[in-house]
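Student: Using the sequences and the hints, build the whole thing.
Sequences listed follow chains F and U, in order. Using this note's numbering, read the first sequence as starting at 1 and increasing by one per residue. Using this note's numbering, read the second sequence as starting at 1 and increasing by one per residue.
It cannot be assumed that every hint is accurate.
According to the in silico footprint, chain U covers these stretches of chain F (three or more CB under 8 Å from chain U) [unchecked claim]:
| no. | stretch |
| --- | --- |
| 1 | 71-79 |
| 2 | 108-119 |
| 3 | 497-510 |
FRET-style restraints, in silico, Cβ to Cβ [claimed, not checked]:
| no. | chain 1 | residue 1 | chain 2 | residue 2 | range |
| --- | --- | --- | --- | --- | --- |
| 4 | F | Asp-512 | U | Arg-214 | 27 to 37 Å |
| 5 | U | Arg-187 | F | Asp-512 | 48 to 58 Å |
| 6 | U | Asp-248 | F | Glu-5 | 30 to 40 Å |
| 7 | U | Asp-449 | F | Glu-451 | 57 to 67 Å |
| 8 | U | Asp-248 | F | Glu-451 | 22 to 32 Å |
| 9 | F | Thr-119 | U | Glu-353 | 39 to 49 Å |
By construction, these hints were calculated from the structure, which means they are not laboratory data. Each residue gets a CB set at the ideal place from its N, CA and C atoms; glycine is no exception.
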Amino acid sequence: MTTFEPEIVALCCNWCSYAGADLAGVSRIQYPPNVRILRVMCSGRVEVGHIIRALEMGADGVLVTGCHPGDCHYISGNEQAEKAIAATKEILTVLGMEDRLSLEWISAAEGQRFGQVMTDFVERIRALGPNPMKEAKVSRGNPGDVPGRLEDLVDRTGVMYCLECGKCEATCPITRMEIAYSPMLIVEEALRDLPEELEADKGLWNCITCGLCSHRCPSGVDFLEFVRQAREVETSSCDRCAHGGVFHALAGIMANEAVSQPGRLDWVEDGMEVAEKGELLYFTGCLPYFEPVLWDVDVHPAGALGSTVRVMNHAGIVPVVMADERCCGHDLVWSGQSGTAFAELARLNVEAIKATGARRVVFTCPEGLRTFAKDYPRVLGEDAIDFELLHITQLFAELIEEGRLELPEGTDEAVPLTIQDPCRLGRHMGIVDAPRKVLDSLPGYELREMEHHGLNAHCCGTSSWLNCGTFSKRIQVERMTQAEDAGADLLVTACPKCFSHFNCTLNEPGSDDTPPKPAVEIVDISVLLSKTLGLEGGGDR
Amino acid sequence: MRHDEEPRIGVFVCHCGSNIGGWLDVPAVAEYAGTLPYVVHSEDNLYTCAEDGLAAIRKAIKEQDLNRVIVASCTPRTHEPLFQATCEEAGLNRYLFEFVNIRDQCSWIHMSEWDAATEKAKELVRMGVAKATRLVPLDRSTAPVELVAMVLGGGITGMTAARAIANSGFEVYLVERRSVLGGLLNRLHKIWPTEESPRQLLDGLEADLEANERVHILTGTEMVDLKGFVGNFDVTLMPVEGNGDGLDLKVGTIIVATGADEMKPDGLYGYGEVEGVVTELELETMLREGNLPEIGNAVFIQCTGARGQRVTYCSRVCCMTGIKNAMELRELYPEASINVLYRDIMAYGISYEELYQRARVKGVGFIRHPKEEPPRVETGPDGKVRVTYRDVILGRDIVQDVDLVVLSTPLVQHEDAKELAQMLRVPLGQDRFFFEAHVKLRPIDFASDGIFLAGTAHGPKDIEESIVQALGAASRSLTFLKAGQVLSEPIVAVVDEDSCIGCGNCIEVCPYGAIELKEGGKRGQVAEVNPGLCKGCGTCPGACPSSSIQQLGFTDEQILAMITALANGGD
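Tutor: Have a look at this one:
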């Protein structure tokens with residue numbers, strides 16, 4: 001048996017630590033040959049995504065080195081590095097990989113120290129053993145079984161039934177921003193078998209897969225399915241992924257059975273009752289990863305986790321939560337990167353759920369719900385899901401109907417609120433009544449509908465952590481303005497991604513010339529319900 | 001050449017004599033490079049940086065129609081400009097060059113691991129090829145240089161540098177914290193080997209400086225803030241005492257000549273506790289002022305606080321100073337017994353060795369003691385100082401009651417040097433002296449362009465060496481001032497206006513205020529980078545939620561390609 005030789009990537013800043021490596025060389029300081037240096041100008045250049053991607057690809061350790069605090073050649077770049085590394089560490093803590101990352105300050109004069117840091121890190125990684133991703137059996141990317149021809153795709157998705165009526169254009173939120181964008185044109189490119197134009201057309205990627213066009217199409221063209229499959233035919237890259245592609249990389253990592261997530265349930269607080277086996281399972285999705293990945297945009301959606309469990313406990317439900325729950329794979333499906341990873345995620349999740357004995361699986365995230373309901377059967381077989389799938393609003397509505405939640409008395413003054421119908425919940429799954437039932441029963445609030453709501457609702461501007469851009473932001477501002485126009489103080493979301501996207505736009509620093517943001521507060525529906533029930537500790541209302 | 005042509009990469013693997021080739025299999029690395037995607041030419045050179053190596057690069061670019069070049073050899077920190085220029089001579093954009101360091105990062109640090117070092121070199125080349133494949137041509141822009149220099153420190157070094165710059169026709173500000181120019185020389189009695197008074201040196205220099213209208217002497221003044229970069233530094237100066245007005249300057253280059261202090265060896269050899277124990281500089285002051293007590297015998301203790309006692313280094317000048325002053329005492333008190341206790345005498349160079357011999361001839365005693373058994377100093381009888389030391393020749397302790405003990409202490413960095421170093425954004429070394437860009441090849445430069453180093457701020461030096469370096473620093477400074485413009489590295493941030501969401505996160509993290517939101521883009525506001533202010537740190541891409549801002553030369557695509565190449569064992 002050969003001994004384990006760690007593969008280590010060291011991202012070194014040009015001015016201090018790379019110079020320190022040079023000095024170590026000039027001084028002939030011997031250290032183990034396991035480290036590969038990648039030079040960047042400043043440690044501030046290192047992104048969460050670089051580190052996660054390196055680990056996804058099997059690096060056993062990642063070392064980031066920069067100038068000592070106060071010595072940064074670029075004034076404060078190393079402070080930014082410190083924040084990015086702290087966030088990355090939080091992500092890696094969930095995956096039990098936090099010790100595979102280290103941030104060290106090494107000056108140009110510290111050749112000796114450079115060698116010592118390298119030696120120590122190599123030994124630390126040697127003691128940890130290989131990155132489980134080394135043995136990765138599946139990966140994201142092009143799925144092997146998707147026929148790569150557009151004409152097949154045309155057949156599969158029925159786009160040849162397009163009547164060129166233009167209803168899709170008339171309703172498409174992207175076309176309204178950018179007249180040159182047209183779902184019809186994309187279909188036309190496919191019908192004419194012009195794969196290069198289709199790939200070059202940003203339209204295929206600008207589509208936010210909200211499904212409004214399919215909803216309106218009189219010919220029943222399944223544009224959503226067309227876009228999903230066209231992306232898998234056209235690309236396997238993550239070029240258009242937002243947030244450095246971190247979520248997609250995490251999906252790729254979680255798809256490997258050897259990877260465990262010892263920190264996945266760290267959000268469970270004392271006093272919350274959860275179980276390992278039971279009737280009802282709470283599928284938390286990627287929420288435990290959200291906040292460290294989104295560290296730079298100041299959004300905090302993770303509170304929904306605890307609130308959901310508190311409401312369940314209040315109703316006498318002790319939900320199963322799984323430490324070995326994995327990403328549902330939604331973002332891979334919609335970014336053309338299913339690869340071999342997606343089917344494996346499906347298999348692992350379904351097997352894990354079955355092992356708990358759960359008969360009902362409840363989702364906070366509509367993307368997870370949609371993926372289980374519509375995409376898992378595609379890869380696991382039609383009968384693979386033999387348990388009930390519910391969105392959290394459906395469970396809440398049921399509990400309210402059954403009188404299992406003790407809602408307080410109403411007050412005379414009601415706070416006006418409105419609801420964002422998530423595209424995956426509304427148009428993809430047809431669920432629009434449940435969130436309204438919940439909100440209607442909340443004392444002290446009054447539901448006001450936005451102009452576009454229910455199955456006609458406008459989306460939050462981006463999905464699948466993909467292609468966040470000007471359209472996304474304009475859609476978000478517009479949507480929040482609709483909420484304001486409806487007279488709502490609160491915009492209630494039933495999807496952690498909607499919550500994050502709206503808050504991202506509200507919290508962006510902008511400039512003095514940035515127009516004022518719509519005056520609405522974004523509230524997650526579980527948090528709102530939990531607060532109303534008086535379960536949120538210091539809870540107002 | 002268009003950068004969207006299919007890459008044709010040439011890889012040149014350097015033996016560096018035996019520096020690389022002696023410790024790993026260079027031909028095997030070159031052969032391996034030839035198997036990598038898009039590599040159409042690979043060879044190994046004895047010295048790629050020698051003229052025949054450079055000629056080989058030019059030849060291959062022309063004959064093989066290369067559009068990317070990789071040299072696998074030493075460090076970009078010293079040799080990148082040379083190879084970039086070579087590419088340019090052969091008609092290739094200099095930013096289509098990629099450096100792979102297999103010497104400092106491989107052969108020199110894995111000297112007993114031939115196979116592992118060879119394997120690592122191959123992987124580093126593979127990462128380099130992955131990046132080179134994704135390089136695009138970039139253009140450098142020029143910026144004007146403020147035709148003014150600033151010298152920090154008004155000792156002999158700073159004065160010399162300032163005079164040289166002014167004599168070459170440029171304005172220079174000479175900034176000195178103390179109220180007078182001259183630095184440590186003001187405290188010396190005589191200078192060896194010429195035996196002149198330091199005033200003779202200083203007076204002439206000072207007169208020259210005062211007579212030159214291009215020199216602005218600012219004594220009692222210190223720098224409190226520094227912004228900007230080579231060619232365009234913004235300096236804020238303030239009076240050391242009182243609340244006088246500050247002065248804002250724009251300068252093109254800066255010379256750091258802030259000198260050093262003599263170590264005060266509190267607690268060593270009775271210093272500060274036993275009457276009659278002084279340092280060399282304190283003795284020189286007494287000699288200069290003529291208030292020495294009658295001396296029948298004296299002992300010098302060399303290497304006080306140096307070479308492992310308090311600092312690690314040899315301060316070089318203290319042997320000469322000790323010998324000089326021992327001879328001075330010898331001449332003043334011909335009957336006295338003067339002994340120098342030493343571990344080793346470092347009388348380097350021509351005149352110093354001669355001086356050392358003269359001292360011995362004149363009867364100064366030199367007594368070696370072991371490092372492990374330093375002399376002991378305590379209060380002796382009758383106001384004398386009792387020194388007990390081990391004589392290694394006699395093999396026993398000697399007890400001597402003397403009138404004076406002189407401690408030869410090292411030059412040390414100023415207490416507050418860290419503050420200045422941080423202001424200048426330049427490093428201090430392990431011994432706290434200012435740290436040059438390269439220990440051998442760039443002894444006057446800092447890694448940051450436009451800031452130079454001279455004199456004892458760099459480490460212990462004698463006057464001659466300080467002056468040599470002062471003239472060197474002045475000359476380096478003049479290189480920029482005479483050129484009148486600097487070429488800026490084009491590794492700046494660029495915005496994809498199509499996808500920029502105008503959120504302003506990048507503005508928040510930019511250390512230089514180089515980014516603003518301007519009107520434009522589909523949302524009405526879009527980030528815009530001012531390439532003149534952007535220094536290419538690459539911090540902004542990390543803060544961009546939509547990956548709409550990239551650093552040229554260090555794009556996500558390039559960085560991830562390198563990581564992928566390492567992990568996948570291929571492209």
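Student: Between Asp-449/U and Glu-451/F, does the C-beta distance stay in 57 to 67 Å?
Tutor: Since the Cβ atoms of Asp-449/U and Glu-451/F sit about 58 Å apart, the hinted range of 57 to 67 Å holds.
Student: Would you say the C-beta atoms of Asp-248/U and Glu-5/F sit inside 30 to 40 Å of each other?
Tutor: 56 Å, violated
Student: If you look at each residue in the stretch 497-510 of chain F, do at least three have a Cβ nearer than 8 Å to any Cβ of chain U?
Tutor: It holds, with 5 qualifying residues against the three required.
Student: How about the stretch 71-79 of chain F: do at least three of its residues have a C-beta closer than 8 Å to a C-beta of chain U?
Tutor: As far as the stretch 71-79 of chain F goes, the hint holds, because 7 residues have Cβ atoms under 8 Å from chain U.
Student: 48 to 58 Å was suggested as the range; check whether the CB atoms of Arg-187/U and Asp-512/F agree with it.
Tutor: 56 Å, holds
Student: How does the Cβ-Cβ distance of Asp-248/U and Glu-451/F compare with 22 to 32 Å: does it lie in that range?
Tutor: 57 Å, violated
Student: Do three or more residues from the stretch 108-119 of chain F put their C-beta atoms closer than 8 Å to C-beta atoms of chain U?
Tutor: Coverage by chain U holds here, the residue count being 5 at a Cβ distance below 8 Å.
Student: Take the C-beta atom of Thr-119/F and the C-beta atom of Glu-353/U, compute their distance, and say whether it sits inside 39 to 49 Å.
Tutor: 42 Å, holds
Student: Starting from the range 27 to 37 Å, see whether the pair Asp-512/F and Arg-214/U falls in it by beta-carbon distance.
Tutor: Given range 27 to 37 Å: violated, Cβ gap about 44 Å.
The structure is inconsistent with the numbered hints 4, 6 and 8, although it conforms to all the rest.
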